[in-house]
Amino acid sequence: MNFQHKTTITVKRRIVVLLLIIFVVQMVIVGRYAWVQIVWSPELQKLAVEQWTQDIKISAKRGKILDRNGDPLALSGNVERVEAFTKSINEAEKNGKITKEEMAEKIAPILGVTKDEVLNKLNKTLPSGLPMSTITLARRIEKEQGNKIRDLNLPGILVSEDTKRYYPNGNLASHILGSTDIDGKGRAGLERYYDKYLAGVPGRFRGETDPYHRELPYTISDYEAPKNGSDIVLTIDETIQFFVEKALEKGLAEYKAKRASAIVMDPKTGEILAMANKPDYDPNNPVVGTVEESTALWRNRMINESFEPGSVLKVITAAAAIEENEVKDSDKFFCSGSYKVADRTIHCWKRTGHGLQTFPEILQNSCNVGFMMLGERLGKEKLYKYFNSFGLGQKTGIDYPAEEKGILMSIDKVGPVELATQAFGQGISVTGIQYATVLATIANDGKMVQPHLVKKIINTDENGNTSVVKEFTPQIVKQVISAETARHMREILESVVSEGGAKKAYIEGYHIAGKTGTAQKVVDGRYAQGKYISSFGSMVPASDPKLVLFVSIDEPDPSNYYSGSTAAPLAKSIYEDLFKYLNMEPDTSGQEQKHVNKVVLPELRGMGIKEAESTLKNIRLNYETDGNGSIVYDMSPKPGVSVDENSKVVLYLGNSKNDNTKVVVPDFTEMTRKEISELAASLGLKVSFNGDGIGVSQDVEPGTEVDKNTTVKIILEQPDE
Amino acid sequence: MNKKRGPVDFPLFITILILLAIGINMVFSASMVEDYYKHNNTMYHLIRQLVWSGFGLFAMIVMANVDYFKLKNKKLIFFGMAATIVLLVVVLFMPPLNGARRWIGVGGLGIQPSEIAKLMLIIYLSDNISRKGEKIKSFTYGVLPVLFISGIFAALIILEPNMSTTMIILATAFALLFAGGVPLKYLTGLLMVGLLGAVVLIAIAPYRLQRVTAFLNPWSDPLGDGYQAIQSLYALGSGGFFGVKLGQSRQKFHYIPEAQNDFIFAIIGEELGFIGVLIIILLFAFLIWRGMKIALSCKDKFGSLLATGITTLIAVQSSINFLVVSSFMPVTGVTLPLISYGGSSLVFTMASLGVLLNISRHTIRNGVE
Chain A
1 MNFQHKTTIT VKRRIVVLLL IIFVVQMVIV GRYAWVQIVW SPELQKLAVE
51 QWTQDIKISA KRGKILDRNG DPLALSGNVE RVEAFTKSIN EAEKNGKITK
101 EEMAEKIAPI LGVTKDEVLN KLNKTLPSGL PMSTITLARR IEKEQGNKIR
151 DLNLPGILVS EDTKRYYPNG NLASHILGST DIDGKGRAGL ERYYDKYLAG
201 VPGRFRGETD PYHRELPYTI SDYEAPKNGS DIVLTIDETI QFFVEKALEK
251 GLAEYKAKRA SAIVMDPKTG EILAMANKPD YDPNNPVVGT VEESTALWRN
301 RMINESFEPG SVLKVITAAA AIEENEVKDS DKFFCSGSYK VADRTIHCWK
351 RTGHGLQTFP EILQNSCNVG FMMLGERLGK EKLYKYFNSF GLGQKTGIDY
401 PAEEKGILMS IDKVGPVELA TQAFGQGISV TGIQYATVLA TIANDGKMVQ
451 PHLVKKIINT DENGNTSVVK EFTPQIVKQV ISAETARHMR EILESVVSEG
501 GAKKAYIEGY HIAGKTGTAQ KVVDGRYAQG KYISSFGSMV PASDPKLVLF
551 VSIDEPDPSN YYSGSTAAPL AKSIYEDLFK YLNMEPDTSG QEQKHVNKVV
601 LPELRGMGIK EAESTLKNIR LNYETDGNGS IVYDMSPKPG VSVDENSKVV
651 LYLGNSKNDN TKVVVPDFTE MTRKEISELA ASLGLKVSFN GDGIGVSQDV
701 EPGTEVDKNT TVKIILEQPD E
Chain B
1001 MNKKRGPVDF PLFITILILL AIGINMVFSA SMVEDYYKHN NTMYHLIRQL
1051 VWSGFGLFAM IVMANVDYFK LKNKKLIFFG MAATIVLLVV VLFMPPLNGA
1101 RRWIGVGGLG IQPSEIAKLM LIIYLSDNIS RKGEKIKSFT YGVLPVLFIS
1151 GIFAALIILE PNMSTTMIIL ATAFALLFAG GVPLKYLTGL LMVGLLGAVV
1201 LIAIAPYRLQ RVTAFLNPWS DPLGDGYQAI QSLYALGSGG FFGVKLGQSR
1251 QKFHYIPEAQ NDFIFAIIGE ELGFIGVLII ILLFAFLIWR GMKIALSCKD
1301 KFGSLLATGI TTLIAVQSSI NFLVVSSFMP VTGVTLPLIS YGGSSLVFTM
1351 ASLGVLLNIS RHTIRNGVE
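One line per chain: the protein sequences are A and B, in this order. The numbering of the first sequence is this note's numbering, which starts it at 1 and goes up by one. The numbering of the second sequence is this note's numbering, which starts it at 1001 and goes up by one.
To be clear, the hints were calculated from the coordinates, so they are not data collected in a lab. Take these hints with a grain of salt, some might be off.
Residues of chain A clear of chain B, computed beta-carbon distances all greater than 10 Å [unchecked claim]:
1. V30
2. L152
3. K246
4. S330
Straight-line Cα separation of at most 30 Å, DSSO-like style, residue types lysine-lysine; simulated pairs [to be verified]:
5. K124(A) <-> K1038(B)
6. K94(A) <-> K106(A)
7. K12(A) <-> K1137(B)
8. K46(A) <-> K1245(B)
9. K1074(B) <-> K1245(B)
10. K1070(B) <-> K6(A)
11. K6(A) <-> K1074(B)
12. K12(A) <-> K1072(B)
13. K12(A) <-> K1245(B)
14. K6(A) <-> K1135(B)
15. K256(A) <-> K227(A)
16. K6(A) <-> K1075(B)
Some but not every residue of chain B turned toward chain A, in silico, with C-beta under 7 Å [to be verified]:
17. A1179
18. F1241
19. R1250
20. I1288
21. A1295
22. S1304
23. F1328
The beta-carbon is built from N, C-alpha and C at its ideal position, and this holds for glycine as well.
Build the full structure now, drawing on both the sequences and the hints.
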């Protein structure tokens, strides 16, 4: 070989150096890989697994909400969706089980579409042209269709519930049920409180996929069927709820009130049979107007709000006084119209005074002076002992979100004035459910029960086996007063209905015991003029109550707001429905003093016989006629006389009009201004008023025969108990 | 002139074949998923890699039988250099692919002029430096012309733009100047200038800077500049020490796009683990050692430098690929010689190795004098 240039020593030395440099670099590289693949590996692997793993949620069917008799109040739609898992389909196709074409042919007629439409969907690809992992074939199809597709038993085809919540009764029980949000999650009411039971556990497809959500091979993927939500069985009776809501709706219009609410409770078990507030909303379309307006509408006034109910709280003071032996029925209380406490004179609602009263009478009259005296006898420690044990200022623990606890002044701040006013029910805020629980305690012989809305939670698994997840048994919280005290209280409260301020709730033979309360509303920390809350708490029958009913009307029309003439008759209309529905028979033993409804005879003279007949029928009076003719010439007794229901009126018939214009002045006391005016007008009397509120006295004695157009002066008092 | 030739360096030959075989296997494993979706044929790249390997083997065998000193032909070098420069200019007018003009021809059937440039420059520099003898120690006469030619190549390639090949060419040229006996003071100076140049290049082209920052913290932009680095690290990390077994990579499921190319070593790390990585790096180390041994055993300076240049080229290119895959260097598009899928580049790499094998037939060990 002819080499022009030999390889020099320098060259050789430098090549060795070059080789060494390369080896050093390679050692660094090996070190780097060792670090990445051994030291860093666990962390990187975790991140990589996170990247590969995909969870596809399969929504679970939300549980139903049923009333106590199993009637559905909230349902998860009967709609279903059909999904196709491409991997399983392709596998089946590969194994020669079935082709996509055959599948489309079977599915299409059930969905009511053409075969090609289904086939196109099955062959749908991502925008990149790659096949999809799951394809939604149909949404919100009928259950029948879904079942038909299920029966085909096709590989990779999954029929599952589609999310839609139905409230078949619209507004009924909306404040109890609440509603769900767009994702089907409970947002308000029991839907929210029991969401974890209702929601169920979504099923899932878990597997490793590539960035286009295609499942990776040689990895374990699993399909977990969704666990359906449990059904909630309420203590609510759909029918009772309906009666209550119907009555409230009517009351709302009749008394031109802002809101009206009621609770029906079983005092023995604490089960709420009905609870409603009007106005309410339709949970099928819960969002009306702005979000604030909607959420305000979703509030359950009986649980989420507290208010001053006024005189209904006198039952606590009275019960305390009986239990503490501070009072006997025969004790006398003199009401002069006001009472001096410390250096302040506090008026009774009846400024002219109730005079001398027994203990039951101060409840019947709702006499503030009498209760100030009772408060004095008890002292604040004993009174507060009962305020606390009856649960004022504390949550009842009802199974409902955001329960209010009411406002009870701290005992340290209670001076003689506060003691006096609180004793007759002023200055204490309660929630509807709190007060219903107080009533239930008296109804249940002094044993306080935990109020609740849910009776049990049941679950039906995919095999149709039903099991009870949770059952709510009646829970006695404590003995607040003795059974004897409770019984005594009920007797007195029964007399309040039969003889006292709640006469308009009286139903013969049913022994309703109750107490009314009318309170000025507190707005911005002050008592607001012309804004009242009229409440009536009651139980029936007094001897062994089966039902507790609390009715509360928020801001009734100030011209007729007295609870005795708003909340009490409203309660009566509810009771009438309930007694029929629950087959509660009236007590006809007549052992007790029979209370007979009085009716004021209207002017019938000058009416035709037919007209007079129907008028009398309406007010439940019988009649007999005397003489011949078609026109009522005279009548006995005279118009304005108060007669018993079902008693007989004699109508003297003639053919001409009588010019005898004598009428009898009726008893206007305890009537509202409006009622007085209407009655007076029907009789042809004139009235002049002094003061405002309900009639407490009149210048012409009831029963006096006067000429028509005579003016009767009537003194009204604010029944601001 | 003694025409007698010895046998080729057998350990080197076997190493090349082993690496080529590993490459074919891994190209198949890495490409099958995308091929299935894109071409509905899992063997799309496998078949092509086999065909290119055939061409490569042919080129290697041809070059192993053409005595390397025949390359030292003035006309051949002149026309070769001229043709290379023409191709490097022509490529600049080709339609860009992924933002760079690197290919002449269509798709897989094209060639990259820069691949030819690598080999041509090594031949040219080996000839030039060996021809100058002691005069190489002069800066103006020895170093400057060499630098000028290398500079033209580098400049044309960087215009494509192809930063990585530019780096490889400059590194190889530098190694040849070093081996060729250029005084260290000049080399140190060159290194300084080179570093400065790199800083300037990064400063003027923002995408290079982004790649640098992506390398420093790939998680700062996990779906953008950091994506490849992160996905590559995920692959290596999931592979761990023993790997997830051949064929079972998950990262090749579209997480690492075109896994058979620049990031094939990540798939190797995932499937074969650190063990597999170590074996392949050791195989490259062995190949480089054999190459340098051939360079040392060659009595002719041209042959020595040629062997050094070819070996250094393999060393630099494989090292850059290893560093990029392990996120120890900014991401640049460098294939792993003999392993990555590659049409023309595989053929040129194997042709270079053929030259190296031929040099081994003329070493002292083979009793050639």
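Hint check:
1. V30: 6 Å, violated
2. L152: Check passes; 30 Å lies beyond 10 Å.
3. K246: It holds; K246(A) is separated from chain B by about 61 Å at its closest Cβ, greater than 10 Å.
4. S330: The claim stands: S330(A) keeps its Cβ more than 10 Å from every Cβ of chain B (closest is about 88 Å).
5. K124(A) <-> K1038(B): The given pair, whose Cα atoms are some 16 Å apart, holds under the 30 Å limit.
6. K94(A) <-> K106(A): 19 Å, holds
7. K12(A) <-> K1137(B): Roughly 16 Å separates the two Cα atoms, so the pair holds.
8. K46(A) <-> K1245(B): This hinted pair holds, its Cα atoms lying about 18 Å apart.
9. K1074(B) <-> K1245(B): 52 Å, violated
10. K1070(B) <-> K6(A): Cα-Cα ~17 Å, so holds.
11. K6(A) <-> K1074(B): Holds, because 19 Å separates the two Cα atoms, which is no more than 30 Å.
12. K12(A) <-> K1072(B): Cα-Cα ~20 Å, so holds.
13. K12(A) <-> K1245(B): Judged against 30 Å, a Cα distance of about 43 Å means the pair is violated.
14. K6(A) <-> K1135(B): 14 Å, holds
15. K256(A) <-> K227(A): 48 Å, violated
16. K6(A) <-> K1075(B): 22 Å, holds
17. A1179: 5 Å, holds
18. F1241: 6 Å, holds
19. R1250: Constraint on R1250(B) satisfied, holds at 6 Å.
20. I1288: 6 Å, holds
21. A1295: 5 Å, holds
22. S1304: 4 Å, holds
23. F1328: Hint on F1328(B): holds, closest Cβ of chain A at ~5 Å, below 7 Å.
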